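Participant: Single-letter residue listing:
There are 2 protein chains.
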Amino acid sequence: MIFSLTTLGTASALPTVDRFPSAHVLNVHERLFLIDCGEGCQMQLRRYGISFLKINEIFISHVHGDHVFGIYGLLSTMSLLGRSADLFIYAPSDFGPILKSLTEQFGSQFKYNIVHVPVSGKEPKLIFETKSSEVLSFPLNHRTGCYGYLFREKQPRRNIHKYLIEKHSLSLSEIARLKDGDDIERPDGEILRSDIMTYLPYRPRSFAYCSDTAPFPKLREFVSGVDLLYHEATFLQETEKVAALTLHSTARQAAQLAMEAGAGKLVIGHFSSRYKNSAMYENEAREVFPETYAAREGAVFEIPLSGHGS
Amino acid sequence: MIFSLTTLGTASALPTVDRFPSAHVLNVHERLFLIDCGEGCQMQLRRYGISFLKINEIFISHVHGDHVFGIYGLLSTMSLLGRSADLFIYAPSDFGPILKSLTEQFGSQFKYNIVHVPVSGKEPKLIFETKSSEVLSFPLNHRTGCYGYLFREKQPRRNIHKYLIEKHSLSLSEIARLKDGDDIERPDGEILRSDIMTYLPYRPRSFAYCSDTAPFPKLREFVSGVDLLYHEATFLQETEKVAALTLHSTARQAAQLAMEAGAGKLVIGHFSSRYKNSAMYENEAREVFPETYAAREGAVFEIPLSGHGS
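From first to last, the protein sequence lines are chains A and B.
Residue 792 in our numbering sits at position 223 of the first sequence, with consecutive numbering throughout.
Residue 575 in our numbering sits at position 6 of the second sequence, with consecutive numbering throughout.
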């Protein structure tokens, strides 16, 4: 049951020789969520051996070119590869006209539906769910409507301790009820407690994506306790003023948020082309939050499954 | 006085790990002409150290995604780099709506003008010229309006043989007239012939770009005698039927054209993703036209200056 993030691009507005614009893939149980789609995204997917066909949901943080210019090529290639499954794109409302012109000008051969689900709101909002996972959107603070996304596994159904089945001669219906969290009172008055008879097979994992944003207090609530936090770090503290002016963050500010939110691990990216060496970002952030990692193209950050005991 | 072609992308519709979509730069005397602009073009320009600022003219063969999807990122980056000079884009008329949506949706900050010059016509047409070079468009045969481009140096002004200046005591005005190709009759009846007194400092060089096209007889006239011919070779002879169906060419057909047109050198590209090894294209073409070279990303094909003697 994999839960991992692959970085496809770490550049900000100006790509460099080594850095592609923003794009990431979150693999949740082999379902791939594409998050942002900068230019060259389709080439990066190929480079890192990621199947286009497993992507049915795309999440766009905001409509600045370095986060969306790859959508033209990706959607066209999906068509050339014979896609027929619906594709859902979660994006702010101003993505609508872009999708419209894309399909009008290049989509005449497309054999699949593209559904734009507008993202909005001032509070976290459930926008997508499967049986085992869900996605919430939350607002960020940037120069245009910009949203972060929280991906998390749902609480799994509890498992029964095998040795207790025989000990208590449990029936199938009793097992089912205990797994659902119900306590059972037997005819002889014995109480079988669900929290003792069962256990969570694993602890649900979570990932929050904070694309372009200036820091703001509420953000720490939105991403509170995530296992893995991606946060942009376009600038360093020495260029904090430029960050403030352009509504971006510094590496230190990203780390500050990770610490205050109690995140497990912080991945930073969206680096300004003025800094060639991403170790500078990593070093600055680690002074505040040691578990910080500067993303690089192709890097995979996996959150291993951890059980609550069996 | 450089005259060279740099290949930025050799893929056809589906990019691969090693191949970017179509994009090329022709350097004529340090003036850079960008020809087609597939996705990732701006990254490739950076990778090969080509200055964005030296590009003032872009030539688009046709409006299929693999030839234009890089225009979004390139034009945005030109803006971010502070461009103020006008940019001219020579492209078929259906490029108009694409440019319109691009500037409406992403161009609010652009500080430079973008001029779309529509390309059309059934015969070669002069569409651009400087003092020393000119560009002609000519129609190709593809599934949508598609144009090739012929870039050539103009006939340079003739140079005077230095030793004849003294011998004939030539005046400045006589020298100028001889350089302009006029013969001179002196008062004593002596005729000074321009073709003897002067020489061409160099032989004008030419390059023709034949993007997506099925073969057709007139094409050999359009590119007759070029020093360097780029021609698409999406398929091999074994997949000739697919080529015919999609209005593309095989490597052999490209070579046939090069031979019939009397080209100096043939560069092939736009390779189908089904053939990983471009040597197969090169081998097939060389059976017909030995001076064939399969392009690869970053390859530079230079036409050296060759004089007519001095």
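None of these hints come from the bench; they were simulated from the model.
Treat the numbers as computed from the prediction; the structure is a model and nothing was measured.
Be aware that one or more of the hints could be misleading.
Distance windows between CB atoms, simulated [what the hints assert, rightly or not]:
| no. | chain 1 | residue 1 | chain 2 | residue 2 | range |
| --- | --- | --- | --- | --- | --- |
| 1 | A | 651 | B | 845 | 15 to 23 Å |
| 2 | B | 618 | A | 725 | 51 to 59 Å |
| 3 | B | 599 | A | 713 | 37 to 45 Å |
| 4 | A | 814 | B | 618 | 25 to 33 Å |
| 5 | A | 653 | B | 723 | 33 to 41 Å |
| 6 | B | 663 | A | 655 | 24 to 32 Å |
| 7 | A | 649 | B | 663 | 14 to 22 Å |
| 8 | B | 672 | A | 814 | 54 to 62 Å |
| 9 | B | 599 | A | 649 | 54 to 62 Å |
| 10 | A | 666 | B | 712 | 51 to 59 Å |
| 11 | A | 867 | B | 699 | 42 to 50 Å |
All C-beta atoms in this analysis are idealised placements derived from N, C-alpha and C, irrespective of residue type, glycine included.
Participant: Which of the listed hints are not met by the structure?
Facilitator: Of the numbered hints given earlier, those the structure breaks are 5, 8, 9 and 10, listed in rising order.
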